[in-house]
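Novice: Quick note, the sequences are listed as chains G and C, same order. Every letter in the first sequence is one number past the one before it in the UniProt record's numbering, and letter 165, counting from 1, is 165. Every letter in the second sequence is one number past the one before it in the UniProt record's numbering, and letter 349, counting from 1, is 349.
Hint data in this document are derived by calculation from the structure and do not stem from the laboratory. These figures come from a predicted structure and were not determined experimentally. Where a beta carbon is used, it is the ideal one built from N, C-alpha and C, also for glycine. Do not rely on the hints blindly, as some may be mistaken.
[Unchecked claim] Among chain G residues calculated to face chain C with C-beta under 7 Å, some are: (1) Y16; (2) R101; (3) I107; (4) V198; (5) P218; (6) N333; (7) A362; (8) V363; (9) Y364; (10) F377; (11) K389; (12) G394; (13) F409; (14) I414.
Protein chains: 2
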Amino acid sequence: MFNIREIAKRAKNVSYGLVDISTEIKNRTLLKAAELIEKKRDVIEAENRKDLVAGEEKGLSKAMLDRLLLNEKRIAGMVQVLKDVASLNDPVGEVIKMWTRPNGLKIGKMRVPLGVVAIIYESRPNVTVEAGSLCIKSSNSVILKGGSEAINSNRVLVNILKEAAESEGFPSDAIQFVDTTDRSAVRELLLLDEYIDVVIPRGGEGLIRFVAENARMPVIKHYKGVCHVFVDEFADLEKAWNICFNAKVQRPGVCNAMETMLVHSKIADAFLPNMIEMFKKVKVELRGCERTISYDPDYIKPATEEDWYAEYLDLILAVRIVDSLDEAIDHINTYGSHHSDSIVTENYTNAMKFLNKVDSAAVYVNASTRFTDGNVFGLGAEMGISTDKVHVRGPMGLEDLTIPKYIIFGNGQIRE
Amino acid sequence: MFNIREIAKRAKNVSYGLVDISTEIKNRTLLKAAELIEKKRDVIEAENRKDLVAGEEKGLSKAMLDRLLLNEKRIAGMVQVLKDVASLNDPVGEVIKMWTRPNGLKIGKMRVPLGVVAIIYESRPNVTVEAGSLCIKSSNSVILKGGSEAINSNRVLVNILKEAAESEGFPSDAIQFVDTTDRSAVRELLLLDEYIDVVIPRGGEGLIRFVAENARMPVIKHYKGVCHVFVDEFADLEKAWNICFNAKVQRPGVCNAMETMLVHSKIADAFLPNMIEMFKKVKVELRGCERTISYDPDYIKPATEEDWYAEYLDLILAVRIVDSLDEAIDHINTYGSHHSDSIVTENYTNAMKFLNKVDSAAVYVNASTRFTDGNVFGLGAEMGISTDKVHVRGPMGLEDLTIPKYIIFGNGQIRE
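The following block holds chain G by itself, in its conformation from the complex:
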C-alpha cells in the first residue's frame, strides 16, 4: 500500500543535505533530465496515450484532454524549461543584507531552501517538470501530487527526473511522487506539517479551498483571476482598444485574462462604440451596467451583481462605466481577486495613484494583464501564481522557493 507519511519523511530527511549540493550538480541534473526527455520521447508519448485513452473512456471534456496531451511541441517545451532553469542564478546562499551591531555582532540574512515543498496539481503533466526543476535548482525536496487522470504521464516524467538525479549525484529521494489515485492521500498529506514546509495547490477553486481548509502547513495559493482593465478619461484610445481586446480575446481561458472592463464616463462616447464593434466581431458576449447597455441595447445583456465577481474564463466580458478613478479603484479592490489589473491612461498622477492603491499582485499601466507569468516576467519559470498576501504575490519563481535565515558572526558576545 502506498504510504504517504513514509515518502514525506524521506523527503524531509534528505532535505537538510540539499543545501550543500553544488550549483554545478544541480545544473547537470537538469540538463541530464532534458537529454533523457528528448531520448525517451517515445516512452513518454506511450504513457501519455494510456492517460488519454483512459480519459476518453471516462468522458473527460475536450479541453481537459487537450490539457492532458503531451505532443512534440509540449515535450520540447519541457526540455526548454529544464534548460532555462539550469541557466538561472542559484538563489541558495545569497546573502541579501548584512550589518554590524554596536556590540560587534555581524548579522546577515542568507537565502536558504524552504525545505519540503508539496505541490498538488490537476491535469497538465508539464507541471511535473516545471515544479520539479525549480525545486531541484532551489535545493528543495519536492512531493509531486498530480491529477489521477495524468498518473502515467506524471510517473514517467518523475522517473526521468530521478534517473537524472541518480546519474549526476543529486539525492533522488528529494523528488517524491504520490503514486496513487486514492483521494485520501491528499487529505493525509495535508496533516503532515511535521515533514512538509509548504503546500502549493494548483487547479480549480474547489481543490484550492479544500487544501486551504485542511492544511496544517502554510499554503501558497491562487483562487481565481478576476482581472480588470480601467480605461481612464485620459486614455490613448488606440492603446485602450488594443489592450482591452488583447486582455480579453488573446487567450480567454487563463487566469490573467480580463473579466471586467471599467470605462470612465468622460471617455465612454469616444471609446465604447468601436470597442463594442471589435468584441462583437469575435463574438464576445457583453454584460453591462445600465449606461453601458445604452451603447448597444440589442447586443449587450444586463450585468448582475454576480457578474462583477465572475471569472468567466471564456469569451464573456462584464463592462461598467464609472465616474472617477476612485470609483474604478474601489470596484477593483471590492470585486476583484487581487491578481492583475491595468489602467490605460496618459495622465501621470492617475497612473501613479492606480499603481499605489490597487491592491493586486500585479498592477499595470498601459499594458495587457496577460503578461502576468513567471516566464514572461523574466523569472525563468513559475511554481504557480500567488494571490495571497504573505511570502509571495504574483508569479512564484526560484527566489520565492527560498527564505532568508539569520546568520550571526560573533567573537564571544553574551547578552547583558
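Fit chain C to the given chain G structure using the hints.
Specialist: Just chain C, lined up with the frame of chain G:
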C-alpha cells in the same frame, strides 16, 4: 453584543486607504501616542490594577501576574517603543528591484502593506503597543486580541492609540480591539479570511496549535524555542563557558535560552568539569547522556529521549556528548525547534558548515543564542518570532509586515 465580523470588515475597508497615509502622519501618530501614555500614566496604572486584582482573585501564578504588571519602567518601555518605531524607515513604497523586459515593459517589485493583521496574544499588555505601533508604521490595519486577564489594560492602551490616530489624521478604524473575553470570538476570527490577511498567535503552544489548526488565513507562528549551543572540538574554552552560561542562565524563561548543550567528545575533558561547576553554583539541574553523567554521577540525572525535545523555560539543561560536527548538526535538526542555535569554534570550516546546515531561523557562531530579538537585531521592535519557513524566519519586524507586489510600466504592450 460584540460583533467580530463587523470590526474585521471595518479594518479591511479602511486598509486600502492606508497606503496613501504619509510617513509624517504615521510618525506624528506614534509620537502623539507616546505623549498620551506619559500623560495618562495614572489611568493606565488604575486600569492595570483592575486586571491585577481580578488576576489575584482568579489565582493566577506569580509569574503570570508579573507579566501582567505595568509599572513605571514598563510604561517607559512602551513610550520608548513608540519613539523607536517612529524613527525607523518607512518600508511602504520601497521599490526593491526593477528591470526591463525585451518588449520594453518595466517590471518592479514594490513593498506594500499586508492589509489586515490580526494578533492574538496572552498576558503582556505591552504587546498591544508594540504590535499597534508596527502596524501603524507599516500602514496595516491591526486587530488586537489580548488575553482576557489583561482586558482593562489593553483597552486603555488601544484607546490611547486610537486617540492619537484621531488627533493626527490616521484612520482610527485601522486599530481594532477585540473587546470581549468570550472565547468563541477567536474561533470566529479565524474563519474571516475574507477580511483578515494574516494572523499572528503569540503565547503558549496550546494557543498556537489551536490557531494553526483552525485558521483559514495564513498564520505566522512560533511553537517553541529548543535552542542549542554546540561546543566544537576547536572551541575557545573561555568563550564556550561564557556563552553556554549566558545562554542558559541569564534569562531561562524565554524562547531564545539554551535548552540543550552539545559537547564534542574531544573537548569534553577540558570543558565539562568547569562548566558543570559553574552550573552547579547557580543550581542548574543537568540531565545528561551516559557519557556526560560520568563527569559528575551524583549531580547529573539521566536524560530521556523526551529531554532532547524539551523546552524547559527553567534552570534545567540537557547535555549530550557527540563525536562529530555532523552528529551535532543532525541532533539539532532532528530535536530542535528551528529557532536559534550556536556553535562555539575557532575552526573556520566547521563554523561555515554549521551556519549552512543548521536549519534554524538564527544560526550563530561564537555568540549566545539570547540575542534573537527584533530590537537586539536592530529591527526596532518585533511582532513576534517566526519558526515557520515561509514569509519570515526569526524576528518579524517592520519590513516583514509588508510584501512586494509587482508594478508594471508599459506603453501599450499586448501579448502576442
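Novice: Against chain C, run the beta carbon of I107(G) and see if the smallest gap drops under 7 Å.
Specialist: Status holds, d = 6 Å.
Novice: Double-check P218(G) for me: the hint is only fine if its C-beta lies closer than 7 Å to a C-beta in chain C.
Specialist: Status holds, d = 5 Å.
Novice: Holds or violated: is the Cβ of V363(G) closer than 7 Å to a Cβ in chain C?
Specialist: The hint holds - V363(G) has a Cβ within 7 Å of chain C, the shortest such distance being about 6 Å.
Novice: Can we keep the Y364(G) interface hint, with Cβ of chain C closer than 7 Å?
Specialist: holds (4 Å)
Novice: Given Y16(G) as an interface hint, is the shortest Cβ-Cβ distance to chain C below 7 Å?
Specialist: holds (5 Å)
Novice: Under 7 Å, Cβ to Cβ, is where R101(G) needs to be relative to chain C, so tell me if that hint holds or is violated.
Specialist: holds (6 Å)
Novice: Can F409(G) be said to touch chain C, with a Cβ gap under 7 Å?
Specialist: Constraint on F409(G) satisfied, holds at 5 Å.
Novice: Using Cβ atoms only, decide whether V198(G) comes closer than 7 Å to chain C, and label the hint accordingly.
Specialist: holds (5 Å)
Novice: At a threshold of 7 Å, is the proposed contact between K389(G) and chain C supported by beta-carbon distances?
Specialist: The hint holds - K389(G) has a Cβ within 7 Å of chain C, the shortest such distance being about 4 Å.
Novice: Just to be careful: measuring from the Cβ of G394(G) to every Cβ in chain C, is the smallest value less than 7 Å?
Specialist: G394(G) check passes; min Cβ-Cβ to chain C is 5 Å, inside 7 Å.
Novice: Please verify that hint: A362(G), Cβ, nearest Cβ of chain C, below 7 Å or not.
Specialist: holds (4 Å)
Novice: Is the interface hint for I414(G) satisfied, with its Cβ closer than 7 Å to some Cβ of chain C?
Specialist: Nearest chain C Cβ about 4 Å off; hint holds.
When held up to the earlier numbered hints, the structure conflicts with none and fits them all.
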